[in-house]
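Student: Going down the list, the sequences are from chains A and B.
Per this note's numbering, residue 770 is the first one in the first sequence, and the count goes up by one each step.
Per this note's numbering, residue 460 is the first one in the second sequence, and the count goes up by one each step.
Check each hint, because a few of them may be wrong.
[As the list claims (entries may be wrong)] Here are some chain B residues the structure puts well away from chain A; computed CB gaps all over 12 Å: (1) ARG471; (2) ALA473; (3) ARG476; (4) LEU481; (5) ALA495; (6) ILE502; (7) ASN509; (8) ILE511; (9) LEU563; (10) GLN628; (11) LEU642; (12) SER683; (13) SER757; (14) ILE799.
[What the hints assert, rightly or not] Simulated pairs of lysine-lysine, DSBU-like, Cα-Cα distance not exceeding 35 Å: (15) B:LYS686 <-> A:LYS799; (16) A:LYS799 <-> B:LYS778; (17) B:LYS802 <-> B:LYS778.
By construction, these hints were calculated from the structure, which means they are not laboratory data.
What you are looking at is a predicted structure, and each value in this text was computed from that prediction instead of being measured.
Even for Gly, the Cβ is constructed at its ideal location relative to N, Cα and C.
Here is what each chain is made of, one letter per residue.
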Amino acid sequence: MEFFFEVLIGGLLAGVMYSLVAIGFVLIYKASGVFNFAQGAMVLFAALTFVSLVESGVPFWAAFALTLATMILLALAVERWVLRPLVNRSPITLFMATLGLAYIIEGGAQALWGAQVHGLELGIDDVPLEFGGLFVSQFDLFAAATAATLVLVLSLLFNKTRIGLSLRAVADDTLAAQAVGIRLRRIWTVVWAVAGLVALITGLLWGARLGVQFSLSLVVLKALPVLIIGGFSSVGGAIVGGLIVGASEKLAEIYIGPLIGGGIENWFPYVLATLFLLARPAGLFGERTIERV
Amino acid sequence: MFYTEAGQFSTRYAADRRVFRLRQDRFALALLLVFAAGVVPLIGNDYWFNAILIPFLVLSLAGLGLNLLTGYAGQLSLGSAAFMAAGAFAAYNFQLRIEGLPLLISFGLGGLVAALLSVVFGLPSLRIKGFYLIVSTLAAQFLIPWVLVKYGWFSNHNASGVISAPPLQVIGADLSTPVGRYLLTLGVVVALTWLAKNIVRSELGRNWMAVRDMDTAAAVIGISLPKAKLLAFALSGFYLGIAGSLWAFAYLGTVEPHGFDLSRSFQVLFIIIIGGLGSLLGNFLGAAFIVLFPLFLSNLVGLLPPGLIDAGQLENVQKMIFGALIIAFLIREPEGLARIWQKFRARARRWPLRY
Chain A
770 MEFFFEVLIG GLLAGVMYSL VAIGFVLIYK ASGVFNFAQG AMVLFAALTF
820 VSLVESGVPF WAAFALTLAT MILLALAVER WVLRPLVNRS PITLFMATLG
870 LAYIIEGGAQ ALWGAQVHGL ELGIDDVPLE FGGLFVSQFD LFAAATAATL
920 VLVLSLLFNK TRIGLSLRAV ADDTLAAQAV GIRLRRIWTV VWAVAGLVAL
970 ITGLLWGARL GVQFSLSLVV LKALPVLIIG GFSSVGGAIV GGLIVGASEK
1020 LAEIYIGPLI GGGIENWFPY VLATLFLLAR PAGLFGERTI ERV
Chain B
460 MFYTEAGQFS TRYAADRRVF RLRQDRFALA LLLVFAAGVV PLIGNDYWFN
510 AILIPFLVLS LAGLGLNLLT GYAGQLSLGS AAFMAAGAFA AYNFQLRIEG
560 LPLLISFGLG GLVAALLSVV FGLPSLRIKG FYLIVSTLAA QFLIPWVLVK
610 YGWFSNHNAS GVISAPPLQV IGADLSTPVG RYLLTLGVVV ALTWLAKNIV
660 RSELGRNWMA VRDMDTAAAV IGISLPKAKL LAFALSGFYL GIAGSLWAFA
710 YLGTVEPHGF DLSRSFQVLF IIIIGGLGSL LGNFLGAAFI VLFPLFLSNL
760 VGLLPPGLID AGQLENVQKM IFGALIIAFL IREPEGLARI WQKFRARARR
810 WPLRY
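Make the full structure from the sequences, and use the hints.
Tutor: Spelled out as structure tokens, the structure:
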């Protein structure tokens, strides 16, 4: 039983890491209805930029600020050259455009900073701590705390500030928001910049865990089932979905894996999400939409 | 002026409904087919067959499979490569386990297996729409290769999961030379394209387009959404399965499940975006572009002073250009290369007048 709880807690904490990626998606989806496949590439780009700056001798916080500035520039460029020309096009077109964007960012990140694996040290040891007989990784706890802070800050931003109000207005009805004088271009830039910040934090945490390398851009794929289970339009849903995916894939690997041959972590979340879709198409917290002709 | 329909009247409904109503079109198509089947085998060399023509034809077929689903029925999929893998491995097993089964029959059976799997993973499309579907198709993309690697039975207990081509014989003729494999691929692709053209012109194709344009409206006018969507998944899976068999046996010869990974699915998706969603010609144009563009780029780099751009950088640059092209096409020409060709044709019809 103790082993079960250890696996469960390990899975839940790993799930927090998935949630972080998923939050980046939810932000952009909420504000612009774009399913941003390039979020994973942004994670890779942010982490590579940060690591390369640190390795060339820039202090930690200066590197953080510089990378953030780069992500804001990226947001401006995306708004200008991708979103603005594609305004009012179908969601699938926008999705495919972000696929192209992912290719550009991935190629650019590796062309700029090279393809070798970088180690990243955040100063937090990945050692297990003991809590009443259960072992929990210190690093995982740190990641969970970071995620919690991020969610808190984001929900304050969304619910208590003027810019948050405009973001919600745009998400609710783009045309009506424009009619009351909200500047769509600025909103999009802000959202992509915030998503860039989330990508940077995600990149640092994942990078410290896996090493900063190309496979970082693939964590985006693990975030998809998280989004499906949590619903595309809810930050809270992204967290819960992440926890469900993290816990269930670890438990499945331990308890179902040996029965059918192991290595099922790779596909289990997708199958889970597909089954979930059949039962609850809008996710746990997503909004149910009504279709009209 | 080159291209005029003056004097070509349809006097019967059948004549009006032909795929190629104009004499010039029919003539050009016949010329193209004669050239592809009769002249190319005589003048082509092994490099052209192995590195350009065969992959071009197979990728066109794969694009066609995805285009039926995404371009015509409007259901997005990121699992194309998995269905190609399913088709290839199924065809391999039918060849292996049934003595004397003709090659083309086993390709067809492989296609049917892929179609069945495609329907299974398409089931969620009945309840969800849009990009939610990419999760269900990604489930296929990760699950199917995992099963093929994990259970040795599928690759006849080969240690690394590799399968090799069965003897390529059709009605006694040996097609294992480059020319033979080219002709085999060409034959299959032409036949399946002809079939696809007639499917998309039929009631089914029109239902697909109605579902794509607005599924609620389609349901209101009495189109059965489950039937239209699942048939799209089935036919798309069938085409992709056969493309997978050709990819494995006519192009590569030996293949492992990891040859059909996510990047292959993206490649097929890019073919239809660049070529044109909802166009059959677009698949061929897109596939030609995808096959030729990397060759063009590496030749271009070869002209630069050596050492300026190494192979790793070239790959990154290629990736960036592909990404930029995707975005440029979506912005400037959402209907892809096929639309550019159409515009050109319309210009040729009016030339030298402007209107």
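Student: Confirm or reject each hint.
Tutor: Against the structure, the hints:
| no. | hint | result |
| --- | --- | --- |
| 1 | ARG471 | holds, 37 Å |
| 2 | ALA473 | holds, 35 Å |
| 3 | ARG476 | holds, 30 Å |
| 4 | LEU481 | holds, 32 Å |
| 5 | ALA495 | holds, 31 Å |
| 6 | ILE502 | holds, 36 Å |
| 7 | ASN509 | holds, 27 Å |
| 8 | ILE511 | holds, 23 Å |
| 9 | LEU563 | holds, 32 Å |
| 10 | GLN628 | holds, 36 Å |
| 11 | LEU642 | holds, 35 Å |
| 12 | SER683 | holds, 17 Å |
| 13 | SER757 | holds, 15 Å |
| 14 | ILE799 | holds, 18 Å |
| 15 | B:LYS686 <-> A:LYS799 | holds, 32 Å |
| 16 | A:LYS799 <-> B:LYS778 | holds, 29 Å |
| 17 | B:LYS802 <-> B:LYS778 | holds, 29 Å |
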